[in-house]
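Novice: Protein chains in written order, with our numbering: chain A, 1 to 143; chain B, 1 to 143; chain C, 1 to 143; chain D, 1 to 143.
Think of the hints as simulated: they come from the structure by calculation, not from any bench.
A quick note: this is a predicted structure, and the numbers were derived from the prediction, not measured.
Treat each hint with caution, since some may be false.
For identical chains, the list gives no copy identity; a pair is met inside one copy or between any two copies.
For lysine-lysine, the following DSBU-like pairs were computed, each having C-alpha atoms within a straight-line distance of at most 35 angstroms [claimed, not checked]:
hint, residue 1, residue 2
1, Lys-143, Lys-95
2, Lys-108, Lys-8
3, Lys-95, Lys-111
4, Lys-8, Lys-143
5, Lys-11, Lys-143
6, Lys-111, Lys-24
7, Lys-143, Lys-109
There are 4 protein chains.
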Amino acid sequence: MTPIELLKSYKGKVFDNSPSPFTKWLAPTVIDASEGRIVFEFTVRPEWLNPMHNIHGGVTAAIIDDVIGTMMFSLGEDSFYTTINNTIDYFSVAKAGDKITAETQIIKKGKQFVHAECEIWNPDHTRMIARGTSNLFKTSLQK
Amino acid sequence: MTPIELLKSYKGKVFDNSPSPFTKWLAPTVIDASEGRIVFEFTVRPEWLNPMHNIHGGVTAAIIDDVIGTMMFSLGEDSFYTTINNTIDYFSVAKAGDKITAETQIIKKGKQFVHAECEIWNPDHTRMIARGTSNLFKTSLQK
Amino acid sequence: MTPIELLKSYKGKVFDNSPSPFTKWLAPTVIDASEGRIVFEFTVRPEWLNPMHNIHGGVTAAIIDDVIGTMMFSLGEDSFYTTINNTIDYFSVAKAGDKITAETQIIKKGKQFVHAECEIWNPDHTRMIARGTSNLFKTSLQK
Amino acid sequence: MTPIELLKSYKGKVFDNSPSPFTKWLAPTVIDASEGRIVFEFTVRPEWLNPMHNIHGGVTAAIIDDVIGTMMFSLGEDSFYTTINNTIDYFSVAKAGDKITAETQIIKKGKQFVHAECEIWNPDHTRMIARGTSNLFKTSLQK
Chain A
1 MTPIELLKSY KGKVFDNSPS PFTKWLAPTV IDASEGRIVF EFTVRPEWLN
51 PMHNIHGGVT AAIIDDVIGT MMFSLGEDSF YTTINNTIDY FSVAKAGDKI
101 TAETQIIKKG KQFVHAECEI WNPDHTRMIA RGTSNLFKTS LQK
Chain B
1 MTPIELLKSY KGKVFDNSPS PFTKWLAPTV IDASEGRIVF EFTVRPEWLN
51 PMHNIHGGVT AAIIDDVIGT MMFSLGEDSF YTTINNTIDY FSVAKAGDKI
101 TAETQIIKKG KQFVHAECEI WNPDHTRMIA RGTSNLFKTS LQK
Chain C
1 MTPIELLKSY KGKVFDNSPS PFTKWLAPTV IDASEGRIVF EFTVRPEWLN
51 PMHNIHGGVT AAIIDDVIGT MMFSLGEDSF YTTINNTIDY FSVAKAGDKI
101 TAETQIIKKG KQFVHAECEI WNPDHTRMIA RGTSNLFKTS LQK
Chain D
1 MTPIELLKSY KGKVFDNSPS PFTKWLAPTV IDASEGRIVF EFTVRPEWLN
51 PMHNIHGGVT AAIIDDVIGT MMFSLGEDSF YTTINNTIDY FSVAKAGDKI
101 TAETQIIKKG KQFVHAECEI WNPDHTRMIA RGTSNLFKTS LQK
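Throw the hints in and build the complete structure from the sequences for me.
Specialist: Dropping the structure here:
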């Protein structure tokens with residue numbers, strides 16, 4: 001099974017088969033997956049909150065970075081990509097028990113660099129919670 | 001006790017008294033704390049890793065955002081601050097069990113906005129692992 | 001004439017009527033303008049180049065910031081917006097004499113904050129040259 | 001003369017000998033230059049203003065990107081560096097005729113990547129106007 005086929009086989013289920021321990025901790029449910037675009041759903045957990053009992057910005061940032069990483073992995077390339085930087089902009093909140101959706105796609109793919117974007121939405125897609133981008137670099141490290 | 005006195009009372013110990021559930025999950029040890037500058041130490045845990053068994057960039061981003069939030073809380077102001085955006089740049093790695101140090105300070109404090117920075121270092125301060133900045137906005141929400 | 005009507009009246013022409021001296025210096029041609037979305041075209045000038053004779057990243061950044069500012073002005077609101085931060089990612093090049101297109105839109109508009117994006121493309125929209133975002137804050141300063 | 005010696009020879013004078021046409025247009029005065037750290041002064045010109053008659057954020061962004069580029073050039077390396085991204089945070093204003101100082105330094109230098117920072121200050125260094133960072137990549141393109 002290719003990485004993208006693996007992801008697709010988890011559609012509607014928690015993706016508990018990631019090679020990334022932190023992805024497992026985040027426990028995303030696969031909503032959709034195709035080459036260069038994946039949609040994951042997360043349930044906001046009590047330990048993810050800030051003092052105002054909203055989802056902590058650090059967790060939102062972690063989710064954005066992680067889903068972009070999983071999307072790169074799903075490309076099935078031979079080389080590892082390393083993240084150069086992340087930018088995250090915060091717009092709205094989510095509470096414990098809320099579901100949030102992370103929609104991730106490649107904006108630009110060059111020979112060495114990839115620029116990817118992830119948007120976090122509420123489930124009915126009426127309110128964007130956060131948005132982030134990453135620049136990634138194709139290393140010479142083989143998988 | 002003021003917030004900064006509270007933090008200082010945890011010097012050398014895990015700060016397990018935060019009003020932030022996610023800060024508790026990260027379990028920082030207070031190394032140093034003064035107004036507008038705090039230094040925390042973290043131990044990289046197995047669930048914090050990426051597929052290459054290095055600290056996951058998402059966790060690094062979460063730590064940076066969280067420590068900046070704790071520093072803002074330590075100012076003891078009446079109003080909550082909200083994070084507008086984060087920028088994180090990645091330079092190096094850490095492994096499970098490694099200790100990492102997060103040094104956080106205010107770069108610019110205006111009436112409504114604060115710009116803060118956090119650097120993540122290895123313990124002997126010879127290798128910078130990542131660096132992030134946040135813009136924060138003073139809300140009218142009282143604590 | 002409202003600001004957006006003013007912009008529309010310059011469709012196909014250089015917008016030489018801006019209240020911004022720097023916008024005048026950049027000399028954009030209005031391709032399209034509607035509320036919260038404008039498209040401008042620029043011709044790369046010799047003084048805009050870097051040592052490799054490509055458009056200088058600083059000029060690209062300046063264009064992105066400027067077009068986002070013009071879009072905010074075109075909303076015709078009573079208050080000035082101030083830019084909190086810019087993020088610019090570079091993907092490709094342009095040469096002296098080349099035309100480039102800046103497509104700008106609002107991603108999120110709240111009561112106090114706006115998040116806007118600008119993409120720079122080559123004229124036939126086959127190659128993205130750069131992309132930037134800004135967070136803006138509605139000041140109490142009246143126009 | 002090495003690039004850094006060239007820069008030093010312009011101390012107190014406008015650096016009008018840059019291989020970058022846009023640097024020439026910005027007309028920086030060299031205040032200080034050493035390996036990996038340069039300080040330039042600029043005079044805010046009428047065409048650099050925004051509608052509020054303050055220095056335009058786009059010009060500030062352009063200056064930050066340009067001075068970082070000049071610092072990289074001053075390293076005298078054989079290869080060209082390309083800018084991956086810029087981040088600029090805005091804090092304060094400057095008026096036409098004001099002098100502003102751009103202090104630029106390398107934060108992290110790896111084999112392939114450099115992370116650099118530029119701060120814009122008023123002349124007596126009491127007020128930071130803006131601050132920016134760039135990630136740069138060492139290309140295989142030889143000078």
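Novice: Compare the structure with each hint and give your call.
Specialist: Here is how each hint holds up against the structure:
no., hint, in the structure
1, Lys-143 to Lys-95, "between (38 angstroms within a copy, 18 angstroms between copies)"
2, Lys-108 to Lys-8, "both (23 angstroms within a copy, 31 angstroms between copies)"
3, Lys-95 to Lys-111, "between (40 angstroms within a copy, 21 angstroms between copies)"
4, Lys-8 to Lys-143, "within (21 angstroms within a copy, 45 angstroms between copies)"
5, Lys-11 to Lys-143, "within (25 angstroms within a copy, 42 angstroms between copies)"
6, Lys-111 to Lys-24, "both (30 angstroms within a copy, 33 angstroms between copies)"
7, Lys-143 to Lys-109, "both (19 angstroms within a copy, 26 angstroms between copies)"
Of the hints listed earlier, there is not a single one the structure fails to meet.
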